[in-house]
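**Student:** Taking the hints into account, I'd like the entire structure generated from these sequences.
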Amino acid sequence: MSEPIILVPLDGSKQALAALPVAKVLGEIERAALHILHVGEHELAGDELRSRLGREASVLDGFTIDARVGTPAVEILQVAGEIKPRMIVMCKHSGAERGKMLGRTAMKVLHDAPCPVVLVPPERGATPWHLHHVLVPHDGTPSTSAALQPAAELAERGRAELLVVHVTDIRAAPAEPGSLTTPRYVDQPQHEWPAWTSEFINRLACVCPLGHLHVRIVLAHGDTAAEVLRLCKRQSTDLIVLAWRKIWEAPHAATLKDILREAHCPIMVVRT
Amino acid sequence: MVDPLSGGPPAGLPELRARQASLHLAQLPAVPTGDPGWILVEEGFTLAREHEVESLFAIGNGYAGSRGSLAEGSALSAPATFVAGVFDSKPGSAPELAPTADWTHLSTTIDGQPLRLDRGHNLEHRRILDMRQGILWREWRHQDEAGRITQLRALRLVSLADHHLLVQCVTIMPENFSGRLFIDATMTGPVVQVTGSGTTVAMAVARRVMDHAERWTPSTELVEGRQSLELRLGKTYRLDRIVALHTSRDTREPRETAGKHVERAIDDVAGVIAEHSDSWQARWEASDLRIEGDPTAQRALRFAIYHLLSAVNPQDDRVSIGARGLSGTAYKGHVFWDTDIFMLPFFILTYPEAARALVMYRYHTLAAARAKAARLGYRGAFYAWESADSGEDVTPPFVVAPDGQVVQILTGEQEQHISADVAFGVWNYWQATGDDHFLVEAGTEILIETARFWASRAEREEDGRYHIRGVIGPDEYHETVDDNAYTNGMAQWNLEVAAETTNLVAERWPGPWQALSHRLGIEPEEPHRWQQVARDFYTGFDEQTGLFEQFRGYFGLEDIDLAAFVPRTAPMDVLLSRERIQRSKIIKQPDVVMLVYLLWERMPPEVRKANFEYYEPRCGHGSSLSPAIHALVAARLGDTALAERYFRQAAEIDLADSMGNAVGGIHAGALGGLWQAAVLGFAGLRFCGEKPEHRANLPPSWCSLSMRFQWRGQWHELTLPEGAERRKAEEDP
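Sequence order for the protein chains is P and H. As numbered in my numbering, residues 1 to 272 make up the first sequence, in order. As numbered in my numbering, residues 1001 to 1733 make up the second sequence, in order.
Bear in mind the hints are in silico, worked out from the structure with no lab data behind them. Hints may contain errors.
As the list claims (entries may be wrong) - No more than 25 Å apart at the CA atoms, straight line, and that leaves these computed lysine to any residue pairs for SDA-like:
id, chain 1, residue 1, chain 2, residue 2
1, P, Lys14, P, Asp47
2, P, Lys108, P, Leu49
3, P, Lys108, P, Ile36
4, P, Lys24, P, Glu249
5, P, Lys257, P, Val74
6, H, Lys1090, P, Trp193
7, P, Lys246, P, Gly81
8, P, Lys100, P, Glu249
9, P, Lys233, H, Leu1575
10, P, Lys233, H, Arg1578
11, P, Lys233, H, Val1407
12, P, Lys233, H, Glu1579
13, P, Lys108, P, Pro4
14, P, Lys233, H, Lys1235
15, H, Lys1090, P, Thr197
16, P, Lys100, P, Cys265
17, P, Lys100, P, Phe63
18, H, Lys1090, P, Asn202
19, P, Lys233, H, Gly1404
20, P, Lys100, P, Pro4
21, P, Lys233, P, Gln149
22, P, Lys14, P, Leu60
23, H, Lys1235, H, Val1400
24, P, Lys14, P, Phe63
25, P, Lys14, P, Ala32
26, P, Lys100, P, Leu229
27, P, Lys24, P, Ile36
28, P, Lys84, P, Asp61
29, P, Lys14, P, Trp129
30, P, Lys233, H, Val1400
31, P, Lys100, P, Asp61
32, P, Lys233, H, Asp1403
All values reported here derive from a predicted model rather than from experimental measurement.
**Tutor:** This is how it looks when you write it as structure tokens:
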């Protein structure tokens, strides 16, 4: 079996380098090689990219840089199709797109990538990153459990804690068979809550093997994104993992959009 | 129409037996019930629902209960068989029902390929809970990756005729191939185990396998339950497995007894199944409730009755029914007020022998209730909020809620109404059965000791009234409240009834009374003091409004409009937080309305109505016990539409459970409540005087309701509306 690869697209801006500390740690956890990809309008030698980055270029020492010409998103997806990376780690947007939730390239990659995409806020800069706490919002459906498998595997390999946040939708329960949401009746909390927590983990584990992963379940209610962001701050979360059904248009993906806009930590998006 | 019948329940349902008589040897030795009103069907397979299915499809006979798990297992299977009264105790944790070895485990491979739901294609798969016969059926057509199609049919039961026998029969037929079958029918787990509380549980197993030529390979020739067979295309092969289960609770030599028992049974599997089926038939003839015109309600009521009957054992009065019966691990098998208030009426009226066992459990645990009262500085008996085998209070002291908060559990100390609930069950049992022997030998003692508890618990204050402070009523959202209306009202009732009973027993059975009063040290003036305390009890009743205040200060709490939270899938305390809900008037379940229901005859009609209209809109129904009681009271008050809405909500608690409520077992209390809503609510069956009466308010879709019940030793038939049976007979061609 060939060595796993993590694809790290860089656009030559200093902001984009924020992806690198995250990609490095993920590479160590996954025992994966980093594949740095630069896409420009003209052919660019590795040295030219280094010179554009100036002093920050030293972070690229030791990595092979793959430089291509063309439209960034198209080329990134092309390379992803060729090298089949375990994940793509990239900055949320370039310097020119500051204030946007997602840059144009990141948006296109997110939409069409064949693997999970880790989006890193550029304001992280070169700050070292570690993976101790992974936070996962979960709607209680089996399809979300299945989608979270890469995140669970990552957390287990990185010996991180997986914090599963179930935010109750108080108006309607998910229609998907086998969904588990907040119990409608809590006759005796001393019995009901331990049983519910255990069932939630069991249902997650039966489609998303948890191995020796340390899992905690937290029940919340209200706006999912607000709750995730609140818990993210309180729990010192290093990575948020979001399952996405690949529909971007409103009213869909509201949680994903809010979290992409507000979160200060990297976000891994996996598709259901 | 309430017609007394001259004898016991009549016989019926011969058609199944006739069909069974014509079965081929290689076929399963019974046939499933076809009538959809009697079966629950789970089509296909959704892995994540497996724990729910296991609970809903559980089988039992009150002695033992077994979850409806897949024999070959799955990633989410949790097979478990429990024996009533057999608990495991570990230091520092509450006792819990001890699961036995998995007697249903069966793995099969065909030419080396495991036959499993998660491999290959499932062309057909269904599980059928046959409530009429108490049998769990399975029908499965599986195609493996090589295209081999195997047909498997199975039945499983826990015998109602012989409580110690568990039966499993499986047939396998290769539809389009010949090949090698390997069966592993070994049990998983020890066949003899000693629980933490010292009970020995022994299982003995006998198996036999029938080959294509209808030759049996007996148990003795199977190597530890394993067998290899050459399958021939289109031929049917059958495995029978019988397990005998005995414990040191019922015999000194459980292992030897089980061994001998199973040896006798394996030679007549069909006979064991037929006797079991007959026992269920007899049970249904006494306990069935027939609804014409509403198949959903009919099936829900049959489901309720099935699980209640599966959980009770009239032959063992040292066990009671836990909150989830014997269908799951949730609630650890602990017994709550659910049994005395929600389940007991069903048994009293349709299965008095079983009801007697349940009230005798309270008698046998009286010593522990006395000890609990004494420990807290009171006289008499303060029953455990949660009890297991000994009657000691085994309520867990705290829980870590899923929001991370550590929540102290106060119900064990504060939900004191349990003592009056026990007394209420005892009184109702005696009223309905006229079982004087029970009253004299056990019931009176319970009534006296619970009355003593209240007399010492209530304190006379400056207003000259007796008060009870620092309790939790049925509405568990509000803790440490003063003068809870339900607690005070039931305590008052308990004191009055105890005084009345002592007078009655002293007059009618002076000999036993003398012995009892001497043994309990009853002073002649004690019953009189109970009456005094009862008379001067603070009740929270306001003459002006006709309302009971649920507890002191309740009327001053924040009023939150629950209608603003409709529709809603989560309980209100989760949505608003415990702290906020405690400052509000939102209640978890009927409290004053519960009091109105239980003491119906004492309440003037306008008081019943006023309190229901006040408290019903403020109830968040955070307890599964809540909707059925609202259905019942609404029906009695004549609001049939509201009653029907609550009835359907109650019926869906387990049956429409797609959200995991039933994963740890069925809600036995809610099922008892559902039955009460139909019989004591819609049918309006009441026992005000010396004979039963009814004031029916049937839902419009119910063309008729008919049932049998026993009142003071005589069977009665109730058919509603009047003449419905006759009209139906005239309409039928």
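**Student:** Confirm or reject each hint.
**Tutor:** Checked hints:
| no. | hint | verdict |
| --- | --- | --- |
| 1 | P:Lys14 x P:Asp47 | holds (15 Å) |
| 2 | P:Lys108 x P:Leu49 | holds (23 Å) |
| 3 | P:Lys108 x P:Ile36 | holds (18 Å) |
| 4 | P:Lys24 x P:Glu249 | violated (33 Å) |
| 5 | P:Lys257 x P:Val74 | holds (22 Å) |
| 6 | H:Lys1090 x P:Trp193 | holds (21 Å) |
| 7 | P:Lys246 x P:Gly81 | holds (18 Å) |
| 8 | P:Lys100 x P:Glu249 | holds (16 Å) |
| 9 | P:Lys233 x H:Leu1575 | holds (22 Å) |
| 10 | P:Lys233 x H:Arg1578 | holds (23 Å) |
| 11 | P:Lys233 x H:Val1407 | holds (24 Å) |
| 12 | P:Lys233 x H:Glu1579 | holds (24 Å) |
| 13 | P:Lys108 x P:Pro4 | holds (23 Å) |
| 14 | P:Lys233 x H:Lys1235 | violated (65 Å) |
| 15 | H:Lys1090 x P:Thr197 | holds (22 Å) |
| 16 | P:Lys100 x P:Cys265 | holds (16 Å) |
| 17 | P:Lys100 x P:Phe63 | violated (30 Å) |
| 18 | H:Lys1090 x P:Asn202 | holds (24 Å) |
| 19 | P:Lys233 x H:Gly1404 | holds (16 Å) |
| 20 | P:Lys100 x P:Pro4 | violated (32 Å) |
| 21 | P:Lys233 x P:Gln149 | holds (24 Å) |
| 22 | P:Lys14 x P:Leu60 | holds (12 Å) |
| 23 | H:Lys1235 x H:Val1400 | violated (56 Å) |
| 24 | P:Lys14 x P:Phe63 | holds (17 Å) |
| 25 | P:Lys14 x P:Ala32 | holds (24 Å) |
| 26 | P:Lys100 x P:Leu229 | holds (18 Å) |
| 27 | P:Lys24 x P:Ile36 | holds (11 Å) |
| 28 | P:Lys84 x P:Asp61 | holds (24 Å) |
| 29 | P:Lys14 x P:Trp129 | holds (17 Å) |
| 30 | P:Lys233 x H:Val1400 | holds (22 Å) |
| 31 | P:Lys100 x P:Asp61 | violated (30 Å) |
| 32 | P:Lys233 x H:Asp1403 | holds (15 Å) |
Checked against the numbered hints above, the structure breaks hints 4, 14, 17, 20, 23, 31 and satisfies the rest.
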